Amino acid sequence: MGTIKDRYAIVGVGESERSRKSGTTPLHLALDAARAAIKDAGLKATDIDGFMNYNEGDSCTSHQLATYLGVRPKYVKDIQGGGASTEMLIADAVALIEAGQLNTVLIYRSLNGSSGTRVGRGYDPDMLQGALAGGSFVIPYGSASPSQWFGMYATRHMHETGITKEHLGHVCLSFYEHAQRNPKAFLHGKPLTMETYLATPDISSPFNIHDSCLELDEGNAIIVTSAEKAKDCTSKPVYIMGMSARQCHPHVHYWNDIDQVASDYVAKELYENAGVTPDDIDVASIYDCFSWVVMRQLEAYGFAKRGEVGDFVAEGNLKIGGKLPTNTAGGMLSEGYTHGMNNAIEIVRQLRHDYEGTDRQVEDCKIGICTGWAGPDIAGAMILRN
Amino acid sequence: MTQATTAYQKPIPLKDIDNAPYWDAADNHQLALQKCEDCTAYSQPPGPTCAKCGSENVRFEQLGDDITATVYSYVVSYRPFLPGFQDELPTIVALGQLDQVPEVKIMCNILHCEEKDLEIGMPIRMTWIDITEDRALPQWIPNTN
Ligand SMILES: [Zn+2]
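Chains E and V, in that order, give the protein sequences. All the letters of the first sequence, read from the start, carry residue numbers 1 to 386 under our numbering. All the letters of the second sequence, read from the start, carry residue numbers 387 to 531 under our numbering.
With the rest of the complex left out, here is chain V:
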């Protein structure tokens, strides 16, 4: 075990019977979204059925690893509300509206972002941070190029 893994104090996403395909994809640095075969709505986060129509006819769509978005909203927290965040303040939490699927918004931190540069509409890109030997966490970074 590396030092980085023993040092990880933050909560690690709990997999359950409904969300496991999302987190399994994340562990492989990929995005997977649950989609309804009947009404075509996406459910993010995923659940036991389609959150829009209740259909059990849901499957996971693989979106790959080239995921871009824009900031739909955000908060900047100056106090840690959970273990592990005390050394990385302030924490930016942002809702990213996916370019590929605009009806889906995904909440992550924005890493490597100065607070003064943060604004609604700002382009961001998904990255995956290895937090333990077998787990990875999707995150946003500014999409500057």
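Chain E with its partners taken away, still in its complex shape:
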């Protein structure tokens, strides 16, 4: 079996405006993001022959997006998917290019996550019982939010490993600090202190509003092509060293099995594919729907040993200047929320050294990791280099 290492690249990234109320449709947001990514790559829209998106019934279709970019592509694909889908669709794109089916693929995520359907605010109860695997075993108990499902993991894991609320606060503070350097971050101008963090009451334990990702209206897009075709682009290519994805739980009802997460299994294959170790990683984008989800992944991906993750974040290692600058645009806790894709865009910009000469640039970074989490049971991740 061949290896794809360094033979594919991300050549364009782009985003729409982000807001609480876009006043427009996900199609318009997707068009803005796609045009920005195409311009970033120095391509024409008609150079894109594959369009893919992931959604939760809250987006426009790839067919619509292509149509209104004036493109008649060979391939469109819309999947129902969670926060590991950026990495998993990039893998699909690479596979289709490798198979000779496509040349260049645009992947996007667009949603009115604030003014439209909200992920974290609960759902129509009967709909969710039917739509969610095993829903009738959690919904009648009032557990309808990812904060409650992942919180169940967090409470147990914190109990076993000594992670405290203050440790979670260090994750939030680190990302909020990055957001203060990013004028486009939604919480730019709203720094967070530990005192404020600890004084903020929980919505659902162990999470308060700062531990929880933003819910916003925005669209993001990423363009993937072969290293060969990347030479025709005006952007600096960021090469894909390795990828891996995994569904782990023996049961779709993952909330009964809270001692493992899919990231535990992704990590080994990911590093093997990329031919690097955690020590080689200069900059990270770690999926951050909740602060604890970052802590659990730092353990899974080998950045700190189980039981030492709390100290690792308290020492400031997630900040620019620390051992593992993470979510350097502010992450989903404080920059924006496109279900993981904004974190993928940021790692590309860091590795291109787009911020050279500013306090946002992770100096001389060469290799980055981007992790996705579609819940404890599904993970996808990639390692990139410049």
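These are computed hints drawn from the structure, not numbers from a lab. Since the structure is predicted, the reported quantities are computational estimates derived from the model, not experimental observations. It cannot be assumed that every hint is accurate.
Okay, the calculated bits of chain V under chain E, using three or more residues with CB under 8 Å as the criterion [what the hints assert, rightly or not]: (1) 454 to 466; (2) 492 to 498.
Simulated crosslink set (EDC-like; lysine to aspartate or glutamate; CA at most 20 Å straight-line) [what the hints assert, rightly or not]: (3) Lys236/E x Asp354/E; (4) Lys438/V x Asp257/E; (5) Lys438/V x Asp259/E.
Ideal Cβ positions, reconstructed from N, Cα and C, are used throughout, including at glycine.
Knowing the structure of chain E, use the given hints to seat chain V with the ligand on it.
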């Protein structure tokens, strides 16, 4: 119909072809768990086949009504995420590890429990709350005696 039944605003568990024996047992204030005849694993919640090995050779084991457990993990929610919970905040949702079958954990609320008394390892006992004339919901209560 009594006032209590008309007042019940919370979601009522939907029975389907796979989970009906669990909820039928619950309606009779009993616990039934799906077990694989081939690999002996329990599937909770139940499904069309064994979730561990895929075998269709599954049956329900009746465990009766004397069900004790310990709290394996929990969350305390201070905001209602669904109708009916707004008047009973905070809501405790807990995963109970069964004493009889430690490999099985069941998620319910813990009723009659102060937040300050809640901790991992705490003993709990299953009780059944009649929520309509013909439906009952398994719940945990602290097991203090
Ligand atoms: Zn089996």
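Comparing the hints with the structure gives:
By the rule of at least three residues with a Cβ nearer than 8 Å to a Cβ of chain E, the coverage given for the segment 454 to 466 of chain V holds, with 9 such residues. Check result for the segment 492 to 498 of chain V against chain E: holds, 4 residues qualifying (beta carbon to beta carbon below 8 Å, three or more required). At roughly 10 Å between alpha-carbon atoms, lysine 236/E and aspartate 354/E fall within 20 Å of each other, so this suggested pair holds. At roughly 12 Å between alpha-carbon atoms, lysine 438/V and aspartate 257/E fall within 20 Å of each other, so this suggested pair holds.
A distance of roughly 16 Å separates the Cα atoms of lysine 438/V and aspartate 259/E; the hinted pair therefore holds under the 20 Å criterion.
Comparing the model with each numbered hint stated earlier shows that all of them hold.
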